[in-house]
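Q: Whole structure, please, built from the sequences with the hints as guidance.
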Amino acid sequence: MHLNLRLRHMSAKTILFSLMTITFWFAFGCASTLQSPVDEWKRDELYFGSLIPGGGTVNDELWNRFVDSIITPRFPSGITILNADGRYRYNDGVILNEPTRIVILLYNDSLEIRNAAIEHIMDAYIQKFHQEAVLRTTNTVNVQFRK
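As numbered in numbering that gives the first Met the number 0, residues 0 to 146 make up the sequence shown, in order.
These aren't lab readings, by the way, just hints derived from the structure by calculation. Even glycine gets a Cβ: it sits at the ideal position worked out from N, Cα and C. Among the hints, a few may not be true.
Claimed, not checked - Computed Cβ-Cβ distance ranges for the label pairs, DEER-style: (1) 127 / 75: 17 to 25 Å; (2) 37 / 91: 43 to 51 Å; (3) 91 / 40: 33 to 41 Å.
A: If you want it as structure tokens, here you go:
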């Protein structure tokens, strides 16, 4: 009698393990085939302060002209712009709060190809609005488009 119960118990464990394996396979194995592939892209963030040394700000009109004439032609597939509150320490040591715009660029061609365009955008902003700097971060990210 004791042996019979043990065999039944092992049989239930085996069945349970098999069902769990099949469920796991259906839940995760099939789900991945339904999604579009994930690609590695580059993500650049450019931080543009809006205070102009000596007075004034880069208002919405000036900013939109800059985006239309300098950024969009170099990234016509699309960009994202976020408004933020930033702090910056100027070369003279003064720390100021300033409205900041963050431009997010995603691209899947090589960094070398896009680097010249991004450097041009940064240099143009520095020159046009007399900025000390434009901050740039670059990361590799996984991108997936769901349609």
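Q: Now tell me if each hint is right for this structure.
A: Going through the hints against the structure:
1. 127 / 75: 17 to 25 Å: Given range 17 to 25 Å: holds, Cβ gap about 21 Å.
2. 37 / 91: 43 to 51 Å: 46 Å Cβ-Cβ, so the 43 to 51 Å window holds.
3. 91 / 40: 33 to 41 Å: holds (39 Å)
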